[in-house]
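Chemist: Given next are the chains, with one letter for each unit.
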Amino acid sequence: MSLKESREPTDGDLVRKARKGEAEAFGLLVERHQRAAYAVALSVTGRPEDAEDAAQESFLVALERLEECRSPDRFAGWMMTIVRNRSRNLVRREALRGTEQVPASARTGEPTPDVATEISELRQVLETALSRIPEVHRQIVMLHDLEGWKHREIAQLLELPSGTVRSHLHFARKALRQELSKTAVGADTIRKIR
Amino acid sequence: MSEADKRRPVPEGTDELDREMDMASLLAALDPAAVDRQFWVRFHVRVLKDAAPELARRRLMIQLTVEDVMTSWARTVIPTAVLAAALAGLLLFRGHSAPSPALVGVEELLLAEVEGTTIPGTLAADEVIAPVSFASEGF
Chain Z
134 MSLKESREPT
144 DGDLVRKARK
154 GEAEAFGLLV
164 ERHQRAAYAV
174 ALSVTGRPED
184 AEDAAQESFL
194 VALERLEECR
204 SPDRFAGWMM
214 TIVRNRSRNL
224 VRREALRGTE
234 QVPASARTGE
244 PTPDVATEIS
254 ELRQVLETAL
264 SRIPEVHRQI
274 VMLHDLEGWK
284 HREIAQLLEL
294 PSGTVRSHLH
304 FARKALRQEL
314 SKTAVGADTI
324 RKIR
Chain U
289 MSEADKRRPV
299 PEGTDELDRE
309 MDMASLLAAL
319 DPAAVDRQFW
329 VRFHVRVLKD
339 AAPELARRRL
349 MIQLTVEDVM
359 TSWARTVIPT
369 AVLAAALAGL
379 LLFRGHSAPS
389 PALVGVEELL
399 LAEVEGTTIP
409 GTLAADEVIA
419 PVSFASEGF
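If you read the sequences in order, they're chains Z and U. Under my numbering, the residues of the first sequence are numbered 134 to 327, in order. Under my numbering, the residues of the second sequence are numbered 289 to 427, in order.
These aren't lab readings, by the way, just hints derived from the structure by calculation. Note that this is a predicted model, so its numbers are computed, not measured. Do not take every clue at face value.
[As the list claims (entries may be wrong)] So the derived list for chain U, only partly shown, Cβ under 7 angstroms to chain Z, looks like this:
hint: 1; residue: Leu315
hint: 2; residue: Val323
hint: 3; residue: Arg325
hint: 4; residue: Arg330
hint: 5; residue: His332
hint: 6; residue: Val335
hint: 7; residue: Ala339
hint: 8; residue: Pro341
hint: 9; residue: Leu343
hint: 10; residue: Asp356
hint: 11; residue: Met358
Cβ coordinates follow ideal geometry from the N, Cα and C atoms, glycine included.
Bound conformation, chain Z alone (with noise of 0.2 angstroms):
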């Protein structure tokens, strides 16, 4: 272990600090997690902006019950678990309100240099792939492939073996392969994003 890995706090320790209202501790596990909590938010919503809203709630309310974490350590995993329960319940909310969907166009809000438009295109395919994909394969692609959780870290939040969150990120990539291969996305673009 590295001198800076030793000093760098656990998140069992920040969740300790973060319990006495320490912003600085609670900052640090936003940082860590927010990516993941988006990834996860997305995973379930489908929705950019609802990822947001929900992501964002979800580490208010994990605040707000900071002491239910009986595992400082594993705070990612329960932390997750907020986030998926936050996010389907805003799609059960959105679905009997029954919200129209933003153009993925209007959602960033940015002036559009071609790179920023041609992610834009490529983001709105992904959107439409994932979505025809179930939500448990959305999960554990965004989380392996985009987050880099492990495996074992996947199955730990899913209460799912090992073996079924290889299985699931195989036929996930596969579909999303298939999907993406139904559209006009360019190497050109993926090349750009690299």
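The hints should help you fit chain U onto chain Z, whose structure is shown.
Modeler: Chain U in isolation, oriented as in the chain Z frame:
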């Protein structure tokens, strides 16, 4: 590798080998920072801003010492106890000052305001006993 990829924690172990970089690059388009570089900064600021009241409440709870808790209890408990004691004293005092009821014997109570003679007195008297009829009752 995109900026978002650089900031993302690199996982340990063998999973990284299994992570398909093409797929990761594709999915990176879903990262809001791909089109809005300040997205995560704003997200972070917004969450912390919304969390500020709860964090402040937690800090306040920690600052409260045992003495503070006892003092806050004393503020309500002591006046209540004093009031209860005063009420009890008042009731006790009023109880003593009330006139005690006169003691009356049972015999006396039975004979009070009863006219005529008692059964033994009647039996002892030399009077002609009038015919007595008994009524029988059947049950």
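Chemist: Now look at each hint and say whether the structure bears it out.
Modeler: Comparing the hints with the structure gives:
Using the Cβ-Cβ criterion of 7 angstroms, the hint placing Leu315 of chain U at the interface with chain Z is satisfied: the shortest such distance is roughly 4 angstroms. Hint on Val323 of chain U holds. Least Cβ distance to chain Z is approximately 5 angstroms, under the 7 angstroms limit. Because the smallest distance between the Cβ of Arg325 of chain U and any Cβ of chain Z comes to about 9 angstroms, over 7 angstroms, the interface hint for this residue is violated. Interface hint at Arg330 of chain U: violated, since its Cβ lies 10 angstroms from the closest Cβ of chain Z, which is beyond the 7 angstroms cut-off.
Using the Cβ-Cβ criterion of 7 angstroms, the hint placing His332 of chain U at the interface with chain Z is satisfied: the shortest such distance is roughly 6 angstroms. The beta carbon of Val335 of chain U comes within 5 angstroms of a beta carbon in chain Z, closer than 7 angstroms, and the hint placing it at the interface holds. At about 5 angstroms, the closest approach between the beta carbon of Ala339 of chain U and any beta carbon in chain Z falls short of 7 angstroms, and the interface hint on this residue holds. Violation of the interface hint for Pro341 of chain U is found here, the shortest Cβ-Cβ separation to chain Z being roughly 10 angstroms, above the 7 angstroms cut-off.
Hint status for Leu343 of chain U: holds, given a least beta-carbon distance of 5 angstroms to chain Z, under 7 angstroms. Interface hint status for Asp356 of chain U: violated, as the beta-carbon distance to the closest one in chain Z is roughly 16 angstroms, over 7 angstroms. Of the supplied interface hints, the one on Met358 of chain U is violated, with its beta-carbon coming no nearer than about 22 angstroms to a beta-carbon of chain Z, more than 7 angstroms.
In this structure, the hints that do not hold are numbers 3, 4, 8, 10, 11, in rising order.
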